[in-house]
Structure formats: C-alpha cells, structure tokens
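Novice: The residues making up each chain are set out below.
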Amino acid sequence: MSFLPFARKAGAVTLAALLLGTAPAALMAATPADTLVIAAAIDDIVSLDPAEAYEFSGLDVVNNTYDSLVEMDPISLQLMPGLAESWTVADDGVTYSFKMKSGLTFSSGNPVRAEDAAYSLIRAVKLNKTPAFILNQFGWTAETVDKMISAKDDTLTLVVSKPFAPTFLYNCLTSGVANIVDEVTVAAHDVGGDMGNEWLKNNSAGTGAYTLKSFKPNEGIILEMRPGYWRGDAKMKNVFIQHIPEAATERLQLEKGDVDIARALTPTDIAGLADNKDVTIAQDVGGQVYYLAFNQKNPNYTNAKFLDAMRWAVDYQGMADTIMKGAVIPHQSFLPQGYLGALDDLPYHLDIEKAKALVAESGIKDPKVTLSVRNAADRMDVAQSIQNTFGQAGITVELKVGEGAEQLKDYRARLHDATLQTWGPDYPDPNTNSSTFAENPDNSDEAKNTGYLAWRNAYDPGALTAQSQAAVMERDPDKRKALYEEIEKTHQETAPFILMFQQARNTGLRSNVKDFYTGGAVDLGASYWLATK
Amino acid sequence: MAAISDTTAHDPAAVRFAKQTANTLFSLLITFLGLLAVTFVIARVVPIDPVMAILGERASAQQIADLTQKLGLNDPIWQQFLIYVNSVFHGDLGVSIRTRDPVLGEIARYFPATLELSTLGILIGIVIGVPAGVLGATKPGSLRDQAVRLIGLMGYSMPVFWLGLMGLLLFYGHLGWVGGPGRLDSTYDMMYDFKVPAVTHMILIDTALAGEWDMFRNAISHIILPASILGYLSMAYISRMTRSFMMNELGQEYITTARVKGMPERRVVWVHAMRNVAVPLITVIALSYANLLEGAVLTETIFAWPGLGRYITDALLVADMPAVLGGTIVVGAVYIGINMFSDFLYRLADPRAR
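Which chain is which? The protein sequence lines are A and B, in order.
Mapping of the first sequence onto the working numbering: position 6 corresponds to residue 6, and the numbering continues sequentially without gaps.
Mapping of the second sequence onto the working numbering: position 283 corresponds to residue 1283, and the numbering continues sequentially without gaps.
Honestly, the hints are just simulated from the structure, not real lab data.
Treat the hints with care, since some could be wrong.
[Claimed, not checked] Computed list of lysine-lysine pairs in BS3-like fashion (alpha-carbon distance at most 30 Å, straight line):
1. A:K216 x B:K1070
2. A:K216 x A:K201
3. A:K297 x A:K400
4. A:K235 x A:K101
5. A:K162 x A:K216
6. A:K354 x A:K489
7. A:K213 x B:K1195
8. A:K201 x A:K101
9. A:K365 x A:K305
10. A:K216 x B:K1195
11. B:K1070 x A:K126
12. A:K256 x B:K1195
13. B:K1195 x A:K201
14. B:K1195 x A:K235
15. B:K1195 x A:K533
16. A:K448 x A:K489
17. B:K1070 x A:K129
18. B:K1195 x A:K409
19. B:K1195 x A:K448
20. A:K368 x A:K409
21. A:K126 x A:K162
22. A:K213 x A:K356
23. A:K213 x A:K129
24. B:K1195 x A:K237
[As the list claims (entries may be wrong)] Which chain A residues stay away from chain B? Per the calculated CB distances, all over 10 Å, these:
25. V46
26. V191
27. G220
28. Q242
29. V279
30. V285
31. D351
32. A405
33. K409
34. D417
35. D460
36. A470
Since the structure is predicted, the reported quantities are computational estimates derived from the model, not experimental observations.
Backbone N, C-alpha and C define an ideal beta-carbon position, used for all residues, glycine too.
Taking the hints into account, I'd like the entire structure generated from these sequences.
Specialist: Here it is in structure tokens:
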C-alpha cells in the first residue's frame, strides 16, 4: 500500500474542483434583475397561514400575499379601504356593514366575495391559533361567531358584542389574522377538518401582490409576483428571502451586492456601512418598547417621590446613543410612536441632583433595587448603565441575571423586585398596550391576571382602569385620542413603570433599491410590492 | 465424524467474531442509553420551563395547566424517562417548538448539509495533513518542519469564528474567488427546488445527478471556503499527530534494517513506516471527523450553511429544547457510530487487534 499516489490524485482532484468552482463565482452577476433578494432572520416563522402567523417574519410574508377588508397605508399609516369599498356602523353601535369591492379576484382566479370574507374571519376564530384572541375581543368565539358574522350579496355584516369604538374594530381588522383567504381553494385542501391550515403553511390563497412559491423553514421563502394585482402589478417579479441570521455575514453580502436588502444588521454594522456609497440605510421604528417595572409588593415602589427619583436617574439619550447605538430611540410613554394617541414628548432626562433630592424627600434610607435582567448583551449593558446612574443618585442596584423564560415565570408570579423588560403591541390599536399597562381589574394574588402587566407588578391603577376601558368604547376618534393621551400622562407620572425606549429598525439597502417599507410600529409587516431596483 | 462437525460448529474464529459483535452491540446500547440519560437530565435541569417556552408571555393559567398535563410533566421522573427512551427508540424525537414539525424530519433535512461539508473538510484535512506531517517527521528541526508545526499551531489556536470571517472577507469580499455564504448564489438557490430532485439532500451529489453542472460549479464555489476552513482545523491536528507517530516509527529498528538493506528512503517512509503509522492515525482521523460533524456550529453560522450545527444553535437561542436535544442525540449517535467504525478499521489494519 502506498499513500503517495492516492494523496497526489486526491490533491489534484481538490485543486481542479477549486479552480472549476471559483471561475464562475468570480463572473457571477449580482442579484437577478427581476428579483428582490432579502437577507433576514426568518427562524421565527411558525406558519404562513394568516390565521396562525403571528411572528414578525411570517407577518411580513402574509402582508404581501393577502389583503384585509381595511388596510393601513404603508406610508401615511392611515386607514384605507382594502377589499372592502366602504363600511358603515349602525346606530346600535354593534352592527357593521362592509360593502365589498367588485371585480377583484384571488390568485386562483376565483372572484372575491363577501362569503370569502365571512369564511376567513370565522375560520380564524374557529382555528383558534395564537392571534385568534384579536378577534375574540369582539365577542367572536367558536360558539358564537357563526351567528355574528354573515354575508349577503356584496355585503359582509359583522355584529360585535359591545358598542366598541369603531376605530378599535377597524384597526384590528388590519392585523394579519383578519386577512381574507379564498374559501373555494382553502376548503378544497381541508384535511381532517383543519380548514386548510396545514396546506396554507406552505401555500397561499389570497389577493396579495405576490403568491407563495416556496417556503423552507430556516432556509428561505420565494414569492412570485401575481399579475393583475388590484393595486397594480408589483415591480419585482420575485422576492427571495434568505435566512441569514449572522449580521456580519449579511453585511458582507450586502456590500458585495449578493443581496439587495439586509434586515438583521446590528448597530455596529450600520455604523460600518456609513461610508459605503453603494448602500443606504433606511430608518424606521418598530413597535417594541423597553421598560423598567417595579413590583409594588415592595412598599418602596408605592412611594411617589422614590418612583419619581428613579425616573430622573435614567440616562435615556445616553444609552440610546452609545450602548444601543441607534437600535432604539428614547420613548417615555407606553404607546409606541405611530399609534393613535401616542405621546412622543420626552419629559424626563438624566438629572442626578434632582434624583438625589427626590430620594431624600422620599424618606427611604439607602434604597436598594434588585433588578432582574435576562442574559443578553444589550440588556446587560442597559442594566449596568442603570446600576451606574442609580448608584450616583444614591440607589443601590443589584443585578439578578438569568435566562429569559425563567425570569418571565418569576415576573408572571409577581416574584421579582424590579425587572427590565420589553413589550411588543399585539395589534394595531392603542388598546393593545393601554389594557395591559394601565388596567388591572383585580389586584389580588388569586386573580392571576398574568395578562396584565399592571397586575404582574401588583399595581392598582385606580381610575386608569375605568378610563382605559372607556377609551376602547369611545366612538369619536378625536375624543378617543385625547383619552389615551390623558391615560398615558397619568401613567407616566404615577405608575411603577419607567418607559425608556422604542425599538428602531435599521435596514441596509443597495442604493438602487427604492420604496421598500418595513411597516413602522403600527403596520406589523413589510411591503414588498412597491419596491423597485 | 461427529467430532469433526463439532469442531466446525465451534470454529474459534467464528465464535470470537460473534462474541466481539455481541460485545460491541451491547456496549453500543449502553453508551446510547447513557447518552439518552444525559440529554434527559439536561432537559430537566436547564432553567427553561418547556411550557413557558411553548406558550410564551401571553399564556393563561388554564393553558399552562393543560399543556403541563399534555407534556406529561406531572408524571414521576422515572416514568418520564421511560416514555422518553421509548419514543426515541421509535424514532420520535419530539416536535420542534419553533416550527411545530417533528424534529427527526427536520434533522433529516439538515444533517446531509453538515455531512457533505464535514466530509469535504476531512478529505482536505487528510490530503494535506498526512503528507505535511510526514514531511516534518522526516527532517525534524528543519525549516520545513518548523513551517508545518507553525501552520499547525495556527490552526490549533485560531478561533474558527475569526478564521471564517477573515476567510470570507478576503476570498469572497476582496478577491471574489469564491461564492459567499449559503450553499448557492441566490439565482441558483431560487431555482434549486424546482430543478434538482432531492435524492441525498447533498447539494454536490444531487446537482450532479440532475446534470445541473452550472449549479454544481456554483455549489463548489460556495462549499470550498467553509470546507477548507474545516479542513485546515483538522489538518492542524492530523499533521501534528502524523508527525509524532512517524518520528516514533522512524526510530524503530526495522526502519534502520530497511535502510541498511538499501531500500529507497521514499519507500522506507511511505510504505514501511506508513503502514504502522496508519493504525493509530485512523483513530485520529475518525475523531477529527466526528469533531467536524458536531463542531461545525460556528462555521455553519458564519457561512449561513443550513446544517445540523446551525439548526442546534438557532434552536438553542430560542430555547427550543426538543430540537436541541434531538440534535444532540443525533450528534452523539454519529459520534458513537464513527468510533465503532474506527475500531473496526483498526482491527482490519492491525492484525494484533483482531
């Protein structure tokens, strides 16, 4: 046996393969001209069925493959007609009529009927997947929904359980779960009564600008343009979303032009791309807010002066600029920018002297805070900054670092002292955050109202609960807006919460890419159909 | 006559072989059960509540109680372990929390990508590492020996993450010699599923079988850099071990005898000594190969390679424990398998071990 000839042969083969492979690589053009190639982290996707999709990446796809009755304009963020041409609400305040647009078709070629709209909403309620609760709020449950949603000719009739603010219903109808599917196609793919749920995981049956051509979990998604889209054909024939979770890798591919859009870049990468003239950075906000919460089981946190002291001891701007490097913007109310009634002013800033004085006034000697923080780099950095500035104001902070899910368990059991958390809105209406931050119908331990952040912190918001419940019923949109502003103001000044930041989104685009919208804080999905390159 | 047939029935070689096989299978079973016990314990001691991980922030108390019941978390621990072992032996590794698909099916899709990458990596490691080690051993202390050792040391000590990024930056970013992250350029990647039937799930083999030669070349341009980096890491180990084994052999008397008899030096080294070096080297190579199969995690992350390592990492980051444990079991099983195989080769190469 001789090793050498084998080694020589193998070496030659390897070398040949290397040369063979590299030649075309060097010649390959960038992305195909008719395809928008997007690098993103898409491992959050559970399903692409609109009745089930509830993760960021899934909603992005659904937003481009389906339409709903009422939609959010991706640019102005105003409500606009979707598949419904017009809508009215009867004097009883609970009966809504939606007149469907005529002449629209699904990607299958089937006409869009009021029956499809009724089927889609009833289907989402009956499937009862994660986002179904958005529709349950209107009294639609598996038992009741058949009686409350009906279609006749070109009109869809929705009956809701209470005379809610009409904007509440319209806003919720823009969310992914309220998208309209093609009843004929979906029903044909029913397996064991799943109403086509399994089939829609990998297929689409909507009216959107694109159809789903292929979905490989954790690998990629291919969307194909659908000719004859009612808003006008999409400019790009295909959209290809590649799962590239590593930010440095995404950046390199964006710089090389192997992808058109990079969506998981870190602030460091964004800074590094500043001088690259082939790349532009699109800035937008996301819906997530970062907050500190203090458990009022600790009597220190019922002391108004002490809470106020802590509000003045946070370096909002400094953290946003340095530690978070632009991944967040300072934001101090519970409704994110873009939401109806959101307060965008920033009444608090770092003022150590003021904080010190307030600690003294509070009468609490050597105050201590045990801050639970999950073991992620950015969270740790924020927590350490807070530890530092609180320390300067005379408040000792001890960090309790742990895994996210475990800390969540403590938080929901009211076992924490203080915690650094984020919260993302569930649907595009102010009630989503107002109900959780400012309502707590029963503050007892037995109530186990874990869905309310106020309850988790043993915080009884007093009159705010009733005010927030009234706001969701207020029929006049202007008055409704004013109500939320008032609730936020009171909450900001009295609640054991310190709202600090709102998520910012930085997307890297090749310079030739235009009109790509990530959807902002309210519209929970990106719009691909307007994009060109 | 009776005596003769008796001896054939008890042929010592056959008996020994049967015994050996039985022993091997038994130890295989014990090791695998041990592996299951370890993964089971890990799943129970990690501070991740499986119920919370599945239901998330908005879950109601009722939902939590229902799921705890459904997952059998109220049963006694020993009963949970038996159920776990039983389902693993029935090919049920649970359902991924993220995708809600069976873990085994997902692993079957990701593992071939890792296998392909690691196999190419280990081939590169062997083809370069063995001759390099021999070169060093035949002239210890010489310049070329120093060079081999230095290059080996660098492969040992440089973090693969850094090496991968630098490699990408240089060969893909600046020079444009190789394809970027991912298994194909986006142009080909989009067509792949529609043009190439999934036979082995290994991209080089499947594109070749389908006769898609453009795609095949493109796939090579993408795999060559990550495979070379993995190859470099295993080369570092293989060349060092080859060097030390070879130096040991070259000091033996039979080598001196061969030289005295006038045998050409090349033949002395590559035939006489190599035959004995090959025996321990098999174990070294098998271990390197197993390391690549399980340790390609970072390489796969940097190169956006849809393999098992990245599957496990992605799962870990979102606390998808069924996927993590399923992946761990498969990696463990592969490790055991490769070890068994190297034992088998060892026996084949070394008559004394038979």
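Novice: Beyond 10 Å from every Cβ of chain B: is that where the Cβ of D351 of chain A lies?
Specialist: holds, 33 Å
Novice: Just want to verify: D460 of chain A was marked as not at the interface with chain B; is every Cβ pair farther apart than 10 Å?
Specialist: holds, 20 Å
Novice: Mind checking the alpha carbons of K201 of chain A and K101 of chain A for me, to see if they're no more than 30 Å apart?
Specialist: holds, 27 Å
Novice: Tell me if the straight-line CA distance from K213 of chain A to K129 of chain A falls inside 30 Å.
Specialist: holds, 24 Å
Novice: Please verify that the nearest CB of chain B lies beyond 10 Å from A405 of chain A's CB.
Specialist: violated, 5 Å
Novice: Is the Cα-Cα distance between K1195 of chain B and K533 of chain A 30 Å or less?
Specialist: Holds: K1195 of chain B and K533 of chain A sit about 27 Å apart, inside 30 Å.
Novice: Would the hint linking K1195 of chain B and K237 of chain A be met if the CA-CA limit is 30 Å?
Specialist: Measuring from Cα to Cα gives roughly 19 Å; hence the hint holds.
Novice: Would you mind confirming whether the straight-line C-alpha gap from K1195 of chain B to K201 of chain A stays at or under 30 Å?
Specialist: With Cα atoms ~22 Å apart, K1195 of chain B and K201 of chain A stay inside 30 Å; holds.
Novice: Does the no-contact call for V285 of chain A survive, Cβ to all of chain B over 10 Å?
Specialist: holds, 21 Å
Novice: Taking the closest pair, is the beta carbon of V279 of chain A still more than 10 Å from chain B?
Specialist: holds, 14 Å
Novice: Beyond 10 Å on every Cβ pair: is that true for D417 of chain A relative to chain B?
Specialist: holds, 18 Å
Novice: Check the hint pairing K365 of chain A with K305 of chain A against an upper bound of 30 Å on the C-alpha distance.
Specialist: Cα-Cα ~13 Å, so holds.
Figure legend: structure checked against the earlier numbered hints; hints not met, in rising order: 5, 18, 19, 22, 25, 27, 28, 32, 33.
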